[in-house]
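Participant: Residue-level listing of the chains:
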Amino acid sequence: MLKLIQNEWMKLWHKKGTWAMVALVILFIIGPGIMMKYYETKTTEDTTWQETEKQAINDYKEIMKSDDLAAEDKTLYEEKIAISEYRLANDLPSQKDGSVASFMSFTGGMLTLVTLFTVIVAASIVSSEFSTGTIKMLLTRPVSRAKVLTSKLLTTFIFGLFLFVVNVVVSALVGLILFGATTGVELEMVSGQVVEKAVWNDLAYHYLLSGGDFVMSILFAFLVGSVFRSSSLAIGLTMFLSFTGGMIVMFLSRYDIVKYIWLTHSDLTQYENGHFIVGGMTMPFSLTILAIYALIFLVISYMSFMKRDVTA
Amino acid sequence: MTTQPIVQLQNISKTIGGKQLIQQLNIDLYPGQITGFLGPNGAGKTTTIRMMTGLMHPTEGNVIIDGLSLKENYEEAISKVGVIVENPEMYKFMSGYKNLLHFARMHKNVTKERIEEVVKQVGLEKRIHEKVSTYSLGMRQRLGLAQALLHRPKFLILDEPTNGLDPAGIREFRMYLRKIAAEDGVSVFVSSHLLSEIELMCDRVAVIQNGKLIDIRDINVETSSFYYIEATPNNKAAELLQKLDYNFVSENNGYVVEIKKEDIPKLISQFVNEGIQLFAVQPHQKTLEDQFLEMTGGGQIAEANSK
Chain A
1 MLKLIQNEWM KLWHKKGTWA MVALVILFII GPGIMMKYYE TKTTEDTTWQ ETEKQAINDY
61 KEIMKSDDLA AEDKTLYEEK IAISEYRLAN DLPSQKDGSV ASFMSFTGGM LTLVTLFTVI
121 VAASIVSSEF STGTIKMLLT RPVSRAKVLT SKLLTTFIFG LFLFVVNVVV SALVGLILFG
181 ATTGVELEMV SGQVVEKAVW NDLAYHYLLS GGDFVMSILF AFLVGSVFRS SSLAIGLTMF
241 LSFTGGMIVM FLSRYDIVKY IWLTHSDLTQ YENGHFIVGG MTMPFSLTIL AIYALIFLVI
301 SYMSFMKRDV TA
Chain B
1 MTTQPIVQLQ NISKTIGGKQ LIQQLNIDLY PGQITGFLGP NGAGKTTTIR MMTGLMHPTE
61 GNVIIDGLSL KENYEEAISK VGVIVENPEM YKFMSGYKNL LHFARMHKNV TKERIEEVVK
121 QVGLEKRIHE KVSTYSLGMR QRLGLAQALL HRPKFLILDE PTNGLDPAGI REFRMYLRKI
181 AAEDGVSVFV SSHLLSEIEL MCDRVAVIQN GKLIDIRDIN VETSSFYYIE ATPNNKAAEL
241 LQKLDYNFVS ENNGYVVEIK KEDIPKLISQ FVNEGIQLFA VQPHQKTLED QFLEMTGGGQ
301 IAEANSK
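As given, the protein sequences belong to chains A and B, one line each in that order. Per UniProt numbering, the very first residue in the first sequence carries number 1; after that it's consecutive. Per UniProt numbering, the very first residue in the second sequence carries number 1; after that it's consecutive.
Extracted from the complex, chain A is given alone in its bound form (with noise of 0.2 Å):
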């Protein structure tokens, strides 16, 4: 098995493709990390950091005597002024305006990138031996087909934790080379009480409920690519619903079935921010549907590649 990752690894890493999506992931981390170096420094002002506060206050405040506010908006303020107001009392400057931390949760949506990449690869990983005509040469050798799917599997996962590294590091590097490690100290109102965030652990959090879209997405592309052996429509088919997925969910939302379709739940970083496209959710109920769809997916792949003819 690890001979046939080996060879999978080697013919991905052939493809001028493959660097390509490697130097784009890079890109798209560095481009917009210069562009937000480049306005931090053209907006820093010479006022100590107690002053922006102390105005920050007096603006909010001054919005608030408005009678037509609305009640959420109200608290917002409301927390805000608090969190201004603790910042003065106990001395903590707030966040600069980069640093390696929020450099990095903004990156962290560059992860979309990297999701797409790997479907990308997903996609075309077995379709393309079929249009090649290579899979004759492939499946007439002494490895079962499951082996050889599983190989392509397993090949197209280490290639997604690889652009994700990639995505991370660079992040880091770039983050520690332009903005420096000084952060400041984000703070949040939970329940009724000031805190400290815990930045790093929310993007750990964040970049682990990213996982969810990205492995559903691998897997549909997967399954739709080793049975229409057709990489375009694989690619096309899961950048379509990835798009409209949630208008599909809305659609349906009025139906109780829509509980059970995976896009529903894909998108796991709707327990991050608590914006629920279908209410009433709770997270081990979507990763069992989640966890389900996974196996139907994955079943239905082996099935069609291990018993249909091969005809290329």
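The set of hints was computed from the structure by calculation and includes no laboratory data. Please note: incorrect hints may appear among the correct ones.
When the alpha-carbon atoms are kept at most 30 Å apart in a straight line, the in silico BS3-like pairs for lysine-lysine are as follows [what the hints assert, rightly or not]:
hint, chain 1, residue 1, chain 2, residue 2
1, B, K98, A, K3
2, A, K15, B, K112
3, B, K126, B, K179
4, A, K37, A, K197
5, B, K126, B, K98
6, B, K120, A, K15
7, A, K15, B, K92
8, B, K71, A, K3
9, B, K92, B, K131
10, B, K120, B, K108
11, A, K74, A, K54
12, A, K54, A, K16
13, B, K98, A, K15
14, B, K154, A, K3
15, A, K147, B, K108
Once you've looked at the hints, dock chain B against the given chain A.
Facilitator: Quick look at chain B alone, frame taken from chain A:
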């Protein structure tokens, strides 16, 4: 045949979408023998070859390789087979060497030395580290042969192997096949459209049409003997042959006569007695092409049999 067959097709049938492409095919292949596989386009050659290599699953029947069923013991059975199915499709974005390395990793006990050895055998040493996309068709064929030989198979299946090779390459290839068949007892199964090539290369031919095996026979063994006779005047010769009750057909300037070897001197003296001038008497062999066309009755693309 006293030796055990290395490959047996047992009652292979294949039905796709209600059409029976292959019907109850039975073929035995023996070690050290090169068997040609012929048939008009659409006869089911490629389908048969795909079933022998596990790319397609027969609807009925069994493929036995060295005593192991391809269905039940796939990995072990296929490890004895070297395959080129149609064009040898390689990973074009990698070098020839990387391609061989790739396939070597999928077999047990194929060392780097073995790869070098095979590369040398097919005469690709000079270009093996270049990308396959820069190779000519003939070079790809050589590389295809190399990957099929890597694991020293006992049974070699080749689909159109000489396609794209130059005359020297074809000759070299033929010699090589003969050599591994004779020395290592490899059984070779070759499908080709080049009948003259099959004729030179093979010991036996299997002919299939409409998914059915219509003949399997040894090459160069004629059941009855034919001689080509050229004589003047022509019509007198024909009259004489008719009178003597021989079967004959006219060909070029003479006649092809069905006649036993021992009767030849008698016939010659009769010609001389009649005052017919004799220019040539030579054994006549039907080419494989003639035999093939005779067997398949022309060569229209076979219609698939509807069930």
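Participant: Which of the listed hints are not met by the structure?
Facilitator: 12
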